[in-house]
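Colleague: Here is how the chains run, residue by residue.
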Amino acid sequence: MSKTTALTRDAALVGLLECGRLLDGTPGNGETDTSPDVVYREVIQILAGIMGADRATLMLLDDGLDSLSVIASVGVPDGAAGQTRVSVSEAMQQPSVTSSVAVPISFDGGALGVLRLGRLDEAPPFSKADLQFATVAGELLGHSGSLSALRRGTGEHGLFVSQLIESIPSSMLVVDRRLRVVSANRHFLESVRRGAEATIGRRLVDVMPSWLIKYAPMEEKLREVFRSGKTIDGGDVLQVSTGNVYFFRFVPIKAGGSIRQAMLLVDDVTERHKLGVEVRRAERHLTSVVQSASDLLASLDTEDRVVTWNPAAERVSGWTVDEMRGRRLWELCPAEDAARMQTMLHEPPAEREGRTVEARLVARDGRESVVDWSSSPITDDNGLVAGTVVVGRDLTSYRLMARQLIQSEKMASLGVMAGGIAHELRTPLAVIQVSAQLLQENPDDVDLSATCLQKIEASTKRAALIIDNLLEFARPQPEALGEVDVDALLDETLALLSDQLSLQRVQVRRARMPIGARVHGNANLLQQVFTNIVLNAGNAMPEGGKLTISTSADGGQFRIAFRDTGVGIPAADLPHLFDPFFTTKPPGTPSSGLGLAISYRIAEQHSGSIDVVGEVGKGATFTVSLPVG
Amino acid sequence: MGRKILVVDDEPDICWALSAALSDDYEVTSTGSGSEAASLLATGEYGLAFVDAKLGDMDGIQLAREVSALDLHTTVVLVSGFVDDDDDAVRQALVSGMLKAFVSKPFSLDVIRRLATEALPTRRPRGGG
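Top to bottom, those sequences are chains A and B. In terms of this note's numbering, the first sequence has 1566 at position 621, counting the first letter as 1, and numbering is strictly consecutive. In terms of this note's numbering, the second sequence has 500 at position 40, counting the first letter as 1, and numbering is strictly consecutive.
Calculated from the structure, these hints are not laboratory results. Virtual Cβ for every residue (Gly too), placed ideally from N, Cα, C. Treat each hint with caution, since some may be false.
Said to hold, decoys possible - Quick list of simulated restraints, FRET-style, between CB atoms:
(1) A:Leu1416 - B:Arg573: 33 to 43 Å
(2) B:Asp548 - A:Asp1413: 49 to 59 Å
(3) A:Asp1413 - B:Ser568: 23 to 33 Å
(4) B:Leu532 - A:Lys1563: 35 to 45 Å
(5) B:Ser568 - A:Arg1463: 34 to 44 Å
(6) B:Asp548 - A:Gln1550: 48 to 58 Å
(7) B:Ala549 - A:Ala1517: 45 to 55 Å
(8) A:Gly1311 - B:Ser568: 54 to 64 Å
(9) A:Gln1550 - B:Arg573: 45 to 55 Å
(10) A:Pro1279 - B:Ser568: 37 to 47 Å
(11) B:Leu530 - A:Gln1502: 38 to 48 Å
(12) A:Leu1416 - B:Asp548: 44 to 54 Å
(13) A:Glu1313 - B:Asp548: 28 to 38 Å
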């Protein structure tokens, strides 16, 4: 970038010199249009060149002071000089400009207009030195009187141009073919600490610092410029004693087809050099952070299209950065997750902060990963949103681990349960064995045979139920989740259990939920929780009683409370209520002792919990808490 | 020594199974309650008791101890699907003679009938009369 700017600056200076000569009345080729519009267009073109700006607009304030007329513009497609009239606020808004400077042009304390310069896309922002130069240019434009003169229809443009050359923050020296100094600008004179009279007319070697002559073969290069007529790049020269770096360039000045003079440009690029080194170091550091991050990192433009895509994102998605560039990030999500992702990306920044959204990402090979996404807006120097940076944490392995943990925990509890399972299964097995033997012994006893067959069937069912419950407990649950209407689910569950409840003389009172409560979860599993708790309550009331089910919502939690008027729970039993095969049911009641253990596991799977309060003789209340939606 | 058999189990189906197996040859009573069993056994009418190791209100071995203290010469057989005969309490009870035998569920009727025959050798003749 620095070299490009320098090149443009050289060309601009040459133009400026020629322009100055032209306006001074120096004879040119005689065919140049010197009307104010053309000259000003040329002037801002030169200014834009010097500043490395992609756009430049010179605007004059209209008499009403509420609108600006474009006098001249460069790089603005619809900015035909003199034809565009815009409001002051419109003039300041140029969305595609990534960096801009606007300086006032005033004369005699009154505002005349605005000079606005802008850089587009990936150009670096304007520096302080750029702004200073633009300010000087703006001041000069005002003070040259040419703009006020322009309003009157006359002008002296030459003065402006020469003043502008004087104020350029580069050293500039013009030499003739004999390598004697023809002119030098203020910057050069100040930096070599010489007066104009001790410079003009002298030989180049006499005015240049000796170290420079020693390290940079200037005379040789200048002779080559005169010979070839081409600009020669002298490159960077380091002044060892100070550590300063200077950039040299030798430019031919053509007049009437021949090269009579050549220009030597010297820029102090020490700061830029240092900055370049630092920027490169910082860039390398940042790049390595992004590249080696284990999280997915992507930046998106304002249309959610991918701009950057780090190796972790490539690895998880299977799509390379080149393949992803221009695609919308949410195109990789299943339809139901894509909407959630879009919502997140377009939320106001304040609401996005600290929030993450879980959305699946379908990789190139169809494999799905669960990713926890967060995003934050990228703003430009003007505070406008230029895009979004998205960070995604691949939860797949974490989830897998959590699942394995639950599973191994289950296996561990199965070991603990083995004794209970044995007991539970041995009873129906004993009944089956005895029944079978009695059938064999008494084939003709019709009544006994009927009883035996009935016992075999009932015991087989009982054993099967134990095994079902056991498998239910051990099996990893399918993760089909959805919106669950808790209200409807409770109604459904109570309908299923109504026979059993009336048999047990249990009256059910149901307090309606004030709002349509919905939780995110698996309806079958939640129904199992409700069933277990209701049956448990029924068993706690052998003489019958009341079961009150009430629901409430607060703090992002739905609470479903089941209050019974049963025997209550001894304090010693409370810690064991959710242990597998723990049971307090009256003797003879078929029970696996797994109901509450499974219920608790399910509530946990839904990021919820089950709490119990109860005292002997005072009934018990089981409260299921589930996070909202 | 009593001639009757008592079956003590909180599973009604087990009570049914043991009664069905023995009622042809013996007079069998069953109960699911440990305390009720204790008072029935105290009458001295029972020569043999099949007792479940885990009762709702009492431990099977505890019941055997109570019976043994009454010195009624009642044979007690422990029946269980939960503990095994390598259980410490069971082994001690067997060694001390408090328990005559241990039967694990599920069981064959032959085992049950053999235990009954051993405990109550003078069988009531089959077919009545």
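Colleague: A separate judgement is required for each hint: does it hold in the structure or not?
Modeller: Do the hints match the structure? See the list:
1. A:Leu1416 - B:Arg573: 33 to 43 Å: holds (37 Å)
2. B:Asp548 - A:Asp1413: 49 to 59 Å: violated (34 Å)
3. A:Asp1413 - B:Ser568: 23 to 33 Å: holds (28 Å)
4. B:Leu532 - A:Lys1563: 35 to 45 Å: Once the Cβ atoms are compared, 43 Å apart, the range 35 to 45 Å for Lys1563 of chain A and Leu532 of chain B holds.
5. B:Ser568 - A:Arg1463: 34 to 44 Å: violated (57 Å)
6. B:Asp548 - A:Gln1550: 48 to 58 Å: violated (40 Å)
7. B:Ala549 - A:Ala1517: 45 to 55 Å: violated (22 Å)
8. A:Gly1311 - B:Ser568: 54 to 64 Å: holds (57 Å)
9. A:Gln1550 - B:Arg573: 45 to 55 Å: holds (51 Å)
10. A:Pro1279 - B:Ser568: 37 to 47 Å: Cβ of Pro1279 of chain A to Cβ of Ser568 of chain B: about 59 Å, so the range 37 to 47 Å is violated.
11. B:Leu530 - A:Gln1502: 38 to 48 Å: violated (59 Å)
12. A:Leu1416 - B:Asp548: 44 to 54 Å: violated (33 Å)
13. A:Glu1313 - B:Asp548: 28 to 38 Å: At 54 Å between Cβs, range violated.
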